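Participant: In case you want the letters, here they are:
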Amino acid sequence: MSEPRTMGLGRQKIVHLEMRGITKIFPGVVANDRVDFDVHEGEVHALLGENGAGKSTLMKILYGLYEPNEGEIRINGQPVRIKSPKEAIALGIGMIHQHFMLVDTLTVAENIALGLPSSRGFVTDLDRVSKRTLELAERYGLHVDPGAYIWQLSVGQRQRVEILKALYRGADLFILDEPTAVLTPQEVDEFMGTMRQMTRERHSIIFITHKLHEVIATCDRVTVLRNGRRIDSRPVAGCTKLDLARLMVGHDIVLPKITSAPQRGEMRLELQDVHALSERGSPALRGVSLQVQAGEIVGIAGVSGNGQSELAEVITGLRKVTRGKILVNGQDTTGKLPGELLQIGMAYIPEERMRDGIISDFTVSENIILRNHNQTPYARHGFLLHRIIREVADRLIRMFDIRTPSPTTPAGNLSGGNIQKVVLVRELSRAPKVLIAAQPTRGVDIGAIEFIHKNLLEQRAAGAAILLISEDLDEILSLSDRVAVMYEGQIMAVLENKDAERGLVGLLMAGVRPE
Amino acid sequence: METTPLFSLAVVTGILTAGIRLASPYLFAAIGEMFSQRSGVLNLGVEGQMLMGAFTAFYVTLRTGNPWLGLLAAMLVGVLMGLAMAVVSITWRAVQGISGIGFYIVGMGLSELLFKALLGEVKVINTGFNAIHIPLLANLPVLGEIFFRQNIMTYMAFALVPLAWFVLYKTTLGLKIRAVGENPHAADTLGVNVAQIRYLTVTMGGVLSAIGGAALSIANLNVFQENMTAGMGFIAVALVYFGGWKPFGVLFGALLFSMVMALQIFLQVYRFPIPSEFLIMMPYILTIVVLVLTVGRVRSPSALTRPFVRE
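Top to bottom, those sequences are chains P and B.
Read in the numbering used here, the first sequence has 407 at position 407, and its numbers run on one by one without any break.
Count along the second sequence starting at 1, add 1000, and that's the number in the numbering used here.
No lab work stands behind these hints: they were computed from the structure.
If you're wondering where the values come from, they're calculated on a predicted model, not measured in any experiment.
Some hints could be false.
Claimed, not checked - Label pairs and their calculated CB-CB ranges: (1) Thr1294/B with Arg246/P: 54 to 64 Å; (2) Arg323/P with Val1298/B: 24 to 34 Å; (3) Met1281/B with Gly281/P: 26 to 36 Å; (4) Leu1113/B with His373/P: 48 to 58 Å; (5) Met1281/B with Thr376/P: 52 to 62 Å; (6) Leu1293/B with Arg280/P: 13 to 23 Å; (7) Glu201/P with Val1298/B: 39 to 49 Å; (8) Gly121/P with Tyr1284/B: 37 to 47 Å.
The beta-carbon is built from N, C-alpha and C at its ideal position, and this holds for glycine as well.
Based on the provided sequences and hints, a complete structural model is requested.
Facilitator: Dropping the structure here:
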């Protein structure tokens, strides 16, 4: 009879896995430079590093998605070669990718059964898969309906399906790629519980993250990578967040926080009972009222998909308001075009920086002047003045420390953090009156986060009214004078920074209004 | 002038009978295209594959007198044309819309060339697939004539629909096909060979398109003419969209289209007072209208037209 463990039948459980001297070279980049890494049965081993440090490459090698140029992998002392995910799975390795690898239009059971042999040969055996899935779900506390379609599930539930998929295939070792990045604080707590259950069952876990407090809270050992090299491996016990940050970046990092009370000025942005539809035509904003004054940062906390993107788009004129009013500088701007809003001092750091923030085939300097390209000093009588553009771009690139080979490099070739700096330069160099920053630090490394946070605080001090939309609760709490929590297109509550306690905000994010 | 009333029972029966028969080439081609698209590959070369299938089946049947050999030969040609499309669109990752049109032109040109070189003139065969009367059922009043006195390829075309449904929704292969067309990266991480699945569906699409062409030349018409499909391959592609990438949706679309086609033919025969040019346009206008009406109603496979590259 076909049991889920069939593929691993006859293989040994992974008691100790070692990667030795792994080197992976991509054209022009050494992604991994003689990296050593190992993990024991029942251990949670954190893999820590900035974007581009080589964490994902190392794990993709372990999961058979890349082949290393040098180095070897040993399981229980035996050298193995892993040439495809199929072989990794057969050896007992499971990977939970940061972007879930699920087929939205299939059911949970179908996603789990995909690629596995069926007990009925050519015909699927989904009833059997469902039954076995429910058993595993029960044992590990991963409750999910096997008959539900993936598109019907919340992000947290999808993650459970991913874990079940690996458990079903009999994985001993789990690679978790930034698993908490997309979860609410409550879901993170549940997830930590699942991880504990997994280690109790003697599974090994490799936990990729750049959230330092999670490493300290959950991991036994930590390996830090920087620029493709292993900097250190050590037990987590006795490490502080500061120690880890220093290892990761190479120097001390202190993320800025608001310290002084805001110097509130005139009302710059006001939303009155704003309604709007989503891409699919369902209500996305359902009566949002909100005010932002000059000199303050208002943070919008919430799990992604609760109307935050649409909120940014209605304010910047990119999405139609179906009901309600938006006032900028006291002037009714409902239904105004983005270009008109620009003229009265609106600046926008869009969530999808590759799609909405830059034109990736244009050069860095072209992207920097994009907003004002048709005005002096960049253009005269309809002709671009390349010498001046180059001078201004050079100056701004130096000022903002944008790491680019040259001002004429296509902006799309830069790293995420540097692309965000290009957007920042363009938007902030015009001294905006109202700044909408949507997920400004999503996916950028800690050095760039520090830089972006500093700039937001500088704008606040300079008297801009800032709306900060972020899924990163730490970011919201350390930068916002007031915190508004969004849930299903509505503002659940607006809290002063001192009242915005993490647990309370987390409950509001989940739609629970505490008494 | 004609004396037969236009909508007598006999005429309606005749329209329906013809409609069922006319649906078979569309069904073969559209079901094949559906599998290809479900796995993420848009094959616009269907028309060329049908023409090559039609010619090959006709020529072999003419020479051997055996339609089964003709059908087999058409299937082999379908394999070759499907494989060629697969190499270009999957291995070489060409833009599928453009390469498909290329294959259409190749298929059309090659079938014309072979027709001129090997036949030279329009010939008719009497050794094609004839109507088969299903025992008992064929004797039912009205229904018997409409459904149970068709040629074998028509029966096969209709049997293909539930078979396709079963393969797509009830087998491990179908699960892989749907996954690969929706999220190939997810399928890849589970050890599904994306390229292999797509090669299979695109090749199968080529075979079914060629069979569709054969249904025309050795079952329905028993003749081969240059460009005899006259856009049927493109209609088949449209039917896949219309049918929402589902076998029974495709069946419904094919029947709607072929019935209007049959009606149009009868209206011409009975000299209905509308210029025949307009009558001929009817099914095509209907296709456009229906496609416009169905836009946004169903989602296409997410990975459709996107070559797979492991990141």
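Participant: All the hints need checking, so say for each whether the structure fits it.
Facilitator: Outcome of the hint check:
1. Remark: the range hint 54 to 64 Å for Thr1294/B to Arg246/P is upheld by a beta-carbon distance near 59 Å.
2. Restraint check, Arg323/P to Val1298/B: a C-beta distance of roughly 30 Å satisfies the suggested window 24 to 34 Å.
3. In this structure, Met1281/B and Gly281/P meet the distance hint of 26 to 36 Å, their C-beta atoms being roughly 34 Å apart.
4. The hinted window of 48 to 58 Å between Leu1113/B and His373/P holds, with their beta carbons roughly 55 Å apart.
5. Look at Met1281/B against Thr376/P: about 58 Å separates their beta carbons, and that is inside 52 to 62 Å.
6. Taken as a hint, the range 13 to 23 Å holds for the pair Leu1293/B and Arg280/P, whose Cβ atoms sit roughly 19 Å apart.
7. Taking 39 to 49 Å as the suggested C-beta distance range, the pair Glu201/P and Val1298/B conforms, at roughly 43 Å.
8. A hinted range of 37 to 47 Å for the beta carbons of Gly121/P and Tyr1284/B is consistent with their spacing of about 44 Å.
Going down the numbered hints, you'll see the structure goes against none, and every one checks out.
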